[in-house]
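The hints should help you fit chain B onto chain A, whose structure is shown.
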Amino acid sequence: MTITQLSHVAMEMGVILLSNGAETYRVEESMHRISIALGAKEAEIFVVPTTIILSVTLEGEVPLTRTQRIHSRKIDLTKVSEINHLSRQICYEPTNYKDLIAEIRRIDTIPSYPYYLHVLAFAFISQMFTLFFGGSLVDSGIGFLIGIGIKLQMDIMGRFEANVFFTNIVGGLIASTVAVTATGLGLTTNMNTIIIGSIMTLVPGLAITNSIRDIIAGDYLSGLTKGIEALLIGAAIAAGVAVPLSLLRPFWGG
Amino acid sequence: MNYITPCLYAFGASLAFAIVFNIPRNKLLLSALGGLLGQLVYVVCQLVISNDVILYLLATIAISLYAEVLARLTKSPTTIYLAVALIPLVPGGGIYYTMLYFINGEMDLGITTGVHTLLISGALAVGIIMISSTVNLVRKVMLRGSSKIGKKRKHGKNA
Chain A
1 MTITQLSHVA
11 MEMGVILLSN
21 GAETYRVEES
31 MHRISIALGA
41 KEAEIFVVPT
51 TIILSVTLEG
61 EVPLTRTQRI
71 HSRKIDLTKV
81 SEINHLSRQI
91 CYEPTNYKDL
101 IAEIRRIDTI
111 PSYPYYLHVL
121 AFAFISQMFT
131 LFFGGSLVDS
141 GIGFLIGIGI
151 KLQMDIMGRF
161 EANVFFTNIV
171 GGLIASTVAV
181 TATGLGLTTN
191 MNTIIIGSIM
201 TLVPGLAITN
211 SIRDIIAGDY
221 LSGLTKGIEA
231 LLIGAAIAAG
241 VAVPLSLLRP
251 FWGG
Chain B
1 MNYITPCLYA
11 FGASLAFAIV
21 FNIPRNKLLL
31 SALGGLLGQL
41 VYVVCQLVIS
51 NDVILYLLAT
61 IAISLYAEVL
71 ARLTKSPTTI
81 YLAVALIPLV
91 PGGGIYYTML
101 YFINGEMDLG
111 ITTGVHTLLI
121 SGALAVGIIM
131 ISSTVNLVRK
141 VMLRGSSKIG
151 KKRKHGKNA
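Chains A and B supply the protein sequences, listed in that same order. Oh and the first sequence: position 88 is 88 in full-length UniProt numbering, straight run, nothing missing. Oh and the second sequence: position 7 is 7 in full-length UniProt numbering, straight run, nothing missing.
The hints are simulated quantities; they were obtained by calculation from the structure and are not laboratory data. Any given hint could be a false lead.
Label pairs and their calculated CB-CB ranges [said to hold, decoys possible]:
no. : chain 1 : residue 1 : chain 2 : residue 2 : range
1   : A       : 166       : B       : 145       : 45 to 55 Å
2   : B       : 4         : A       : 53        : 44 to 54 Å
3   : A       : 36        : B       : 122       : 36 to 46 Å
4   : B       : 138       : A       : 145       : 26 to 36 Å
5   : B       : 143       : A       : 246       : 37 to 47 Å
6   : A       : 36        : B       : 137       : 18 to 28 Å
7   : B       : 139       : A       : 89        : 47 to 57 Å
8   : B       : 2         : A       : 235       : 26 to 36 Å
The beta carbon of each residue, even a glycine, is placed where N, CA and C say it ideally should be.
Chain A with its partners taken away, still in its complex shape (with noise of 0.2 Å):
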């Protein structure tokens, strides 16, 4: 394999990794694996989550470096663990260059599940966590109606590209107002508790739990990063929230 197959193997792999949800210690470590095990003498790679940064040796050959900057994350786990099976079984038997960027490419053209569970999982988030927080059946159910408005409106919004933290805050306003206005109506007592289970599924749940184990694998600089990141959505939901319940509240008396 050359230095230009081995480099490009290792980097897509790597972009795969990193722009669907995988820690970034995780795709440092799995780069080098895959490196060293398709003959390179050394491998540097260093990865912050929006760019990789991996320069490779070959025995009698000149260093050869590639930066990579990746513009859009999603979540999709699914595609972390087939790669990372995938570089499990590099280590194991090293394979060729050709079915090597075949099987990268069936990787990346997984299908995720399908759009309209996507939209039932939201809804069913935020209708169990509302149950979850002692709401009742029919706070349950505006709590279902409130999980699929926010995700509809994530789409669009991500569809333009708006900002994480907008995104957000518009969330959070969708079921406080929503709430707010149910509650004026009389349709429930439980405000509280239908907002609670329903910004549930605005928690950046991944964020948090990669930020923790990359700070454990001591990668200090993408730990804290996607750490602040989950705070400002934090803060981002309660603004969005906050607003409809100081502003709608005095007409419905709520």
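Here is chain B on its own, set in the frame of chain A:
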């Protein structure tokens, strides 16, 4: 009955979150069971311990152990199980009430709730750190031990 229902709700919510995170089909149920386990530990320990920060710590320790063990068994990343199981323990209520007290002008209550929420988040982090670090350490000691046995068998006993 009061102990079972929150666990079932946590299971349902975790299952839905597993779909949102696009977790592989054959691991959906296993990862959602983590959410149920966390809540079960919380509810059961509630009978003995009244401090809820400790309860959150114990629940996190339980789900971290569960995630690490399953990740080794199924040869997949720990995050798959951990991120999903952690979500029902995230103090969403705490964040909300902190904000609510502040906009109602009740500063004292807001600060008390805010600090309490921070403590719970700290407990979650500490729980994950404790288990992950221990598992890593054990794994490294075992790897070191097996490679030593392979290389220097003539030295006799090895750690």
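Honestly, do residue 143 (chain B) and residue 246 (chain A) meet the 37 to 47 Å range at C-beta? For residue 143 (chain B) and residue 246 (chain A) the Cβ distance comes to about 57 Å; the hint is violated.
For the pair residue 4 (chain B) and residue 53 (chain A), does the Cβ-Cβ distance stay inside 44 to 54 Å? The hint (44 to 54 Å, Cβ to Cβ) holds, given that residue 4 (chain B) and residue 53 (chain A) are roughly 51 Å apart.
Does 18 to 28 Å hold as the CB distance between residue 36 (chain A) and residue 137 (chain B), or does it fail? holds, 24 Å
Does the Cβ distance between residue 139 (chain B) and residue 89 (chain A) fall inside 47 to 57 Å? Roughly 20 Å apart at Cβ, these two residues miss the hinted range, so it is violated.
For residue 2 (chain B) and residue 235 (chain A), compare the CB-CB distance with the range 26 to 36 Å and indicate the outcome. Taking Cβ atoms as reference, residue 2 (chain B) and residue 235 (chain A) lie about 34 Å apart, which means the hint holds.
So does residue 36 (chain A) sit 36 to 46 Å from residue 122 (chain B), Cβ to Cβ? For residue 122 (chain B) against residue 36 (chain A), whose Cβ atoms are near 38 Å apart, the range 36 to 46 Å holds.
Between the beta carbons of residue 166 (chain A) and residue 145 (chain B), is the distance compatible with 45 to 55 Å? holds, 52 Å
How does the Cβ-Cβ distance of residue 138 (chain B) and residue 145 (chain A) compare with 26 to 36 Å: does it lie in that range? Given about 48 Å between the Cβ atoms, the range is violated.
Checked against the numbered hints above, the structure breaks hints 4, 5, 7 and satisfies the rest.
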